[in-house]
Structure formats: C-alpha cells, structure tokens
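> Chain by chain, the residues:
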Amino acid sequence: MKFSLSAESARRVDELVRRYPKKAAALLPVLHIVQREKGFVSPEAEEWVAATLGVPPIQVREVLSFYTLLRRQPAGKYVIQVCRNISCFLAGSEDIVNYLETKLAVQAGETTADGKFTLVTVECLGNCDHAPCLMVNDDDYGPVSRSAIDGILKGLI
Amino acid sequence: MADVRATLIPAGENSYRLEAYLGRGGYEAARKTLLEKKPQEVMEEVKKANLRGRGGAGFPAGFKWAFVPQADDRPKYLCVNADEGEPGTFKDRAILTRDPHLLLEGIILACYAVGIHTAFVYVRGEYEAIAMRLEAAIAEAGQKGFLGGNIFGSGFDLEVLVHRGAGSYICGEETALLESLEGKRGWPRLKPPFPASVGLFRGPTVINNVETIANIPLIFRHGAEWFIAQGLPRDGGKRLFGVSGAVRKPGLYELPMGTPLRKIIYDWAGGPAEGQAIKAVIPGGLSAPFLTPEEIDVLMDYESLAHARSMLGSAGIIVIGDRTPIIDILKIVARFYAHESCGQCTPCRIGTTWISKIADRIGAGGGGPGDLDLIRHLAEGMKGKTLCPMGDAAAFPVLSIIEKFGRELEETISR
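Taken in order, these protein sequences are the chains called A and B. Okay, so the first sequence: first residue is 60 according to my numbering, each after it adds one. Okay, so the second sequence: first residue is 91 according to my numbering, each after it adds one.
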C-alpha cells in the first residue's frame, strides 16, 4: 500500500484506537489526523484507514462524503469558511462573501490559482453574537467588516 | 432585580484554568458527593431540582437518568452533546471556552449517579480550539485525581474522552450522534429502543447537552431548593439566552428560566438595531416557530412557549428587523434544512429540497399563485413523518412564516 503517515501521526492513531471500546469508533478522529497531515483524504488514505480500523472501505467512503469538514480533494493552505446562516445574514454576510469572492478572484467553493486560499460558505458556526463571522482554518473571527478582512488576509502568508 | 451574576460562564481571561476553577470552589461538590452520598441520592436530588434538558427537548434530566437499567452487565455510557449546531445558538461554546471544569465536574456527578465509567464529549468539528482546551482540562483534572481511577479516593473510576464531529447538523440529534460516535454516517436510529436501554455500542446510554450537565454542580453546591428558586418550580435554574440578529447588543445572557422575551430583547440586548423595528422573533433556535412583535410578551420557559405555539428549544433568540424581506428569511431557513437533511427519510429529503427550490424561485421573482399552498403541503408532509425530529424542525418555522407573514409573501409573489 502506497499510503503512510508521519511517525507522530501514526503514534496518535495508535493511541486513539486503543482508547475506544471499538476500533471503528476512531474513524472520525483518524480521518481528522489524516486530513491534518495531508490536507485531504485520498483514495489510498481511505484504504489505509479502512484496513487500520478493520472497517469496510465503503464505510470510510460513506463517512467521508457525509461530513462537510472532510475533504476528498486538496484545499488551499488557508480554508476560509464564511457563515451565511440567519444571524450572519442579518449582519451582512452576503457582502462579506461577495467581497472575498472579488478580492480572491474565486467563487465560493473554489481555491485560488496559487493554492493559498479556499473560500467556502457554511451554515451556522455557533458564533452568532459575533456576526458576521468566519473561520480561517481553526481560528474564529467576528464581527468582520471589509476592512477587517483586509487585515486578516494581510496576516496570512 | 433578581440575582443576575453569571454562574455558568464566569468572567475573566483565565476563568477556564483549573486553579481559577478551584478558586471558585470547583470540584468540592463532586468530592463531597462522591464521598458522602449514594448514587441513588444523587439522582433523587437532580429529579427534585427539576433540571430540564438544555439541548432543546426539555426532558427532565434526573428522570432520563432513571431510565437506565441498573441491573445490567453491559458497560454504560454518557455522551455529552456539544455538537451545538442549531442556528442562533452559541451557549455551549461559552461554557466550554470559559468553564470546561464545570462541565467535567458535572460529568463526574452524572456518571456517579448512573454508574457510568466512560463518558464521551461529542464536540462539533468546527470547535477545534475548544476541543483542545477541553482535552487540556481533562488532563489537568486527571493529574489531580479528579478523573481516572479512584476519583477523590472514593473508589469510583471515570474516563472522559473528547470526540470531534466533522460538520453535520443532524449529529446533534441524539441517535445520529451515537451513530457518528461509532464511526458511521449520522443517520438517526429508529426509536424504540431508546438510548437508555440500547445506545452507544448497544450499551445503556445517557445523552445530555453541555448546559444541562454544567448545571449539575450548581445543584450540589447550593441544593435543589436553591436551584428551583433560580428559575421556576416546574423548570429549575437559569438559562443561557443567546440573542443575535437585529439587536444593539447581541450576546449571551444568563437569566432565570421564565424571563419575559420582551425584557431579554429590550433590557439586555438593547432593543432592535438602530433604525429598525422588530418584524419577527425566533425564540429558540432556527427550528422554533416564529413570533410576531405582538407575541413577544411570552415567558421564556418550555410550557409558556409551547402555549404560544412556539418552543424554547436551544434558547437562541434571533431578532429579525423590518428592513429584511421575509422571503430572504424563508430562503435561508429552507436552504439550511435542505443542506442538513441526512437523506434517510423521503419526506424530509424531498420536502426540504423542494421547499428550498420554491423559496429560491419566489426570491428570484418567479413565484406563482400556488406556491405557498405547495410549500404548506410539503411541510405538512414532513411533520411527524420522519425517524427523527428533523422533519418537524424543518416544517415548523416554514409553516409559521407562511401563517404569520403570508401577506408579505403573496405580495412578493405577485410583484
């Protein structure tokens, strides 16, 4: 099998698998580890995960295609998730999305040509008192304005 | 004025640290209880406190625990639901960020009451930083002997694991959460059997919301009578009311159960945003039926809101201002449920998608005379006809929008 993880990630997978009463239960956390290291979950990674946890490959595919945070294709270095649910909409999230689309010259769902940014729109991020809000990788921002976005993007190198 | 000091979400930059929590008297209630009380007494005290579930359904926590069969050899589990995904809800984020040890102390007490030795906290995937903070808190508590083997020297063992979701609203539904935890798609299970008898890994399982569990230590610090006095006799304690949308001061307000909705919006959240009047209020997260400005004198507790034909739900209050066309709101509501339907039950899968398409068409100026009737028909076709409450959750707000703002929608269609 072509797929392998770094020693550190492999150690974390071993540790995780031992903590769960059933191996298969570690599927989501293991996919998180794979994605964190590789940026996405490739077909080779799927096979490796299935074999490691002793689950049918189809179960890995089902899970992978069900959850929105898991990716089967590479994404940009920075994934920008802009909330567009009700509280953020009421606070102007449409303008935030439009501004980012113009500034990055991509449509929501796309990655910039240099592979630096992926822009996605998402449903509620649970940060409604800071609407309009967004996330860049694991970091929360809000309330954001056009000028705040300029500042955030400038800091991402 | 009633005592409004925050008890679930302490102030201060470092409030989440163990030393800070110990400084607030943290873990004393659990220590005392584990050393001095029998599990049955713990359960009785929680029943007496009338602590109702804070996730949305409002089921009394002590009674939920009592459904777990005691004479049973299978391992039992606690799953703490931190999948917070109901739009307009951000309370569990605040507890986990600012007071993770309060949650852990609550987990210890709940597990002791039910005889559980393994607890999972299912944290939504987007809360990565929060999950890491919780893991750090678990490690700190373990080093002190508050978790792990022989807690407080009581002989009681407990392991707590943080499990991250990966982006899915439906996994906040308790049986979908169990499926997800077992490494599967979040497809809700048919009930019965209920999780109390057949839950995680087919073992007896209790599932409680973060805010529910975080209230448990308060009951044991101050007693059930005190707890009831903080809220209503039938609905004890305070509640974290989140206010967002078109208000001057969006935020989280910890207030007695039964506080009037109008008072929360005007006295705490500063009233409607500048230059706007209130058009509609959603009192309990996006799934709750909409209220008109004339209906906001309702008390914020389960019974009062049910009487007003809405629901307290997650207590996430969303205020919509009169500058927002209601069709925009209908489009968002419809799109959200279409996006989040797990696809298992046909009425929900097809119904949410159709409603979203029709709402988008109306919004784009292509509405027709039969559209509202068709939406109503589709929503009625989901209500009570799906495995999980999502069919209802998707139908209720849509039906209330059509009932209460039908005239505006008709105008949009005929324009």
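Just so you know, these hints were derived from the structure itself, not from any lab. Ideal Cβ placement from N, Cα and C applies to all residues, glycine included. Some hints could be false.
[Stated by the list, open to error] Some chain B residues judged to face chain A by a derived CB distance under 7 Å, without partners named:
id: 1; residue: G335
id: 2; residue: R338
id: 3; residue: P459
[What the hints assert, rightly or not] As a list, the in silico SDA-like pairs of lysine to any residue whose alpha-carbon atoms are at most 20 Å apart:
id: 4; chain 1: A; residue 1: K82; chain 2: B; residue 2: E272
id: 5; chain 1: B; residue 1: K274; chain 2: A; residue 2: L129
id: 6; chain 1: A; residue 1: K81; chain 2: B; residue 2: R399
id: 7; chain 1: B; residue 1: K274; chain 2: A; residue 2: P80
> Hint by hint, note whether the structure agrees.
Results of checking the hints against the structure:
Restraint check, G335 of chain B versus chain A: the minimum CB separation of about 5 Å is within 7 Å; hint holds. Taking 7 Å as the C-beta contact cut-off toward chain A, the hint placing R338 of chain B at the interface is violated, the least distance being around 12 Å. Checking P459 of chain B against chain A: minimum C-beta separation of about 28 Å lies over 7 Å; hint violated. Pair hint K82 of chain A plus E272 of chain B holds up; C-alpha atoms about 9 Å apart against a cutoff of 20 Å.
At roughly 13 Å between alpha-carbon atoms, K274 of chain B and L129 of chain A fall within 20 Å of each other, so this suggested pair holds. Restraint check for K81 of chain A and R399 of chain B: not satisfied, since their Cα atoms lie roughly 43 Å apart, outside the 20 Å limit. For the hint linking K274 of chain B to P80 of chain A, the alpha-carbon distance of about 15 Å falls within 20 Å, and the restraint holds.
Consistency with the previously given hints fails for numbers 2, 3, 6, ordered from lowest to highest.
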